[in-house]
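> Sequence:
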Amino acid sequence: MGGEEEVIADELIDIDKVEGRVKASSIRKIGEIVDKHPEEALSIIRNWLYQEA
1 MGGEEEVIAD ELIDIDKVEG RVKASSIRKI GEIVDKHPEE ALSIIRNWLY
51 QEA
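Quick note on numbering: the sequence shown equals residues 1 to 53 in UniProt numbering.
Because the hints were derived from the structure by calculation, they are not lab data.
Think of the CB as a built atom: it goes at the ideal place given N, C-alpha and C, for glycine as much as any other residue.
Check before you lean on any hint, since a few could be wrong.
Said to hold, decoys possible - Derived DEER-like restraints, expressed as beta-carbon distance ranges:
id: 1; residue 1: 30; residue 2: 50; range: 17 to 23 Å
id: 2; residue 1: 30; residue 2: 51; range: 16 to 22 Å
id: 3; residue 1: 50; residue 2: 25; range: 25 to 31 Å
id: 4; residue 1: 27; residue 2: 47; range: 18 to 24 Å
id: 5; residue 1: 50; residue 2: 24; range: 26 to 32 Å
id: 6; residue 1: 26; residue 2: 47; range: 27 to 33 Å
id: 7; residue 1: 27; residue 2: 49; range: 18 to 24 Å
id: 8; residue 1: 48; residue 2: 28; range: 26 to 32 Å
id: 9; residue 1: 23; residue 2: 44; range: 27 to 33 Å
id: 10; residue 1: 50; residue 2: 23; range: 24 to 30 Å
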């Protein structure tokens, strides 16, 4: 594995309305979890939305 691949895995992404920065690899990992467990992910998001209301 080259150093360039490591840099890409740890690149930072600016996300609107989120304080700070998030590692791109963290975003990818969350996406994988959502793909593997869509019903649970949907339930969590719904709970967050209801808490905000």
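> Which of the numbered hints above does this structure break?
6, 8 and 9
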